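Q: Assemble the whole structure, with the sequences as input and the hints as a guide.
These protein sequence lines map, in sequence, to chains A and B.
Going by numbering that gives the first Met the number 0, the first sequence opens with residue 0, and the numbers climb by one from there.
Going by numbering that gives the first Met the number 0, the second sequence opens with residue 0, and the numbers climb by one from there.
Accuracy of the hints is not assured; some may be wrong.
Said to hold, decoys possible - Heads up, incomplete: computed chain B residues facing chain A, CB under 7 Å, no partners named:
1. Leu52
2. Val53
3. Ala72
4. Lys75
5. Phe80
6. Asp84
7. Met85
8. Leu87
9. Tyr88
10. Ile103
Claimed, not checked - Residues of chain A placed beyond 10 Å of chain B at every Cβ, according to the derived structure:
11. Ala60
12. Ala109
13. Phe128
14. Ile174
15. Ser192
Read the hints as simulated data drawn from the structure, not as lab findings.
This structure is a prediction, so every number in the text was calculated from the model and none was measured.
Here a beta-carbon is modelled for each residue, glycine too, at the ideal position from N, C-alpha and C.
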Amino acid sequence: MNWSMVRRLIWKDWYLNRAGILFSLTGGLVTLGLVAASRGSQIAVILGIIVVVTILIGMGAIVMASIVAERKQQTLPFVMSLPISYWEYTTAKILGSLLIFLVLWTAMLASMVATILLAPGFAHGLIPFVVIMSVEILMSTCLVITVGVATESQGWTVGAAQVGALSLNGIGWWIVRFPDIGRAMSSATVRWSSTATALLAAELAAIALMMAFTFFVQSRKKDFI
Amino acid sequence: MIEFAVEMSGVTKRYKHFTLDEIGLRLPTGSIMGFVGANGAGKSTTLRILMGLVHQDAGSVQVLGYSMPDQQAPAKVEIGFVSEDMRLYGSPTLGWHMNFVRSIYPRWDRAYADTLMRRFDLKAEQKVKGMSHGQRVKAALLLALARRPKLLVLDEPTTGLDPIARREVLGELMAVLADEERTVLFSSHNTLDVEQISDQITFIDRGRILKSSDKESFLDRWRRIRLVLPPESKLPGLPGVVNVRGSNRLPVVTTDQFEPAMVAAYQQIGVGVQSVDAMTLEEIFVASVESRREGSAL
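A: Laid out in structure tokens, this is it:
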């Protein structure tokens, strides 16, 4: 693997999407800062989470654009004329997309956990739910990346983004119905039940599987432009 | 120095409605090959296989000594590729593209890039999305040429260019060819462009190589002979006749193995020879394709 070329391709994608990335990162981090400054106001926290989740979903669109636009705008022949293999191209697309998403995602998750732990008025028992839902958002983005890279089709990738956005509500609604998660949300202490651990493990396994599937599909492709 | 910059043997690629069939192609190092075919003949597929961008179903491809597609990454360090459907990124400037490519290619020639920019009347600070088609093609050529590649692969680079831009692009290609170690493979359906710059010519049609030879041999061997047959006589079959057009009385014979002895042979049997005309590359190409499509040489 030529990591030097992978780094250059990632830098290139970040540069090309710099306006969207800067807007999302700035918007997300400012929102999280305002939530922290609200000293635990529940309304501020809820509004803040809504804004940040919206920005994260919006970042999925940036990821999608970075992947699908290469073929749609016919820049793929230019990229593939460079001294790279398709394996390196795929790695750069996945890593570049994930890294930029993870910056805001990690900041969001850390801020939410810190707010719950440090601000007055929040039940610490919310933390497992928040972590599971955050990983679900990450999983949705990975789905967009997988479908985008594997199909290079705007239609399919938009479909994947819609499935991911809809599943956020569905999965949230579904997991609070597990007694040891739903009841624990109002608990004063963090309770990691076996159900919560299993759900988190399933999400992480799904992410790993999607990434492996993406590389598998790419390795079987015979026509790249 | 390796003898052949490109060696393809038995290369086959099957699609639902098209098959590239047992392509064999050898391009001597330092030569300029014009790869001529109609739209959909298989030119782009062949060049993409050569670049490792499409994987062949069968056959072997060696480019500059690298086996494709497995060794495409190191091979592409030494190849410049420009295709008609290649686009640069719209928002960044040409200067950004030059810096990006320069960061990848150790042999990037900054002075030559500046020279090309002046010659092509391009500006580094110009955004690609504001460029005309001709300017975009020139920008892509600049990015490929300033890498100082050992092999230049150009897939229909002059398609869609106005006559002035075409002349500029072809002029620069001819200048590039002064470097005897550089090899160029240049596909086009425009035989005039190919005739101007190539020293080797290969015809492809419907996924098969029809003919491949040096340009002079093509132009020397192909002739159109206008004959006058005596009444009630039939045209005798001679070797090398590709097709016969015209009327029964005044046939026009096209041959790909012309020798002066052919004229003498016709005259000996009482057939009048009105004229022996040299053929342009376009006429040779059309005759080759028609002959193949009609099934066989006569």
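Q: Each hint: holds or not?
A: Structure-based check of all given hints:
| no. | hint | in the structure |
| --- | --- | --- |
| 1 | Leu52 | holds, 5 Å |
| 2 | Val53 | holds, 5 Å |
| 3 | Ala72 | holds, 5 Å |
| 4 | Lys75 | holds, 4 Å |
| 5 | Phe80 | holds, 4 Å |
| 6 | Asp84 | holds, 6 Å |
| 7 | Met85 | holds, 4 Å |
| 8 | Leu87 | holds, 6 Å |
| 9 | Tyr88 | holds, 6 Å |
| 10 | Ile103 | holds, 6 Å |
| 11 | Ala60 | holds, 17 Å |
| 12 | Ala109 | holds, 33 Å |
| 13 | Phe128 | holds, 41 Å |
| 14 | Ile174 | holds, 42 Å |
| 15 | Ser192 | holds, 49 Å |
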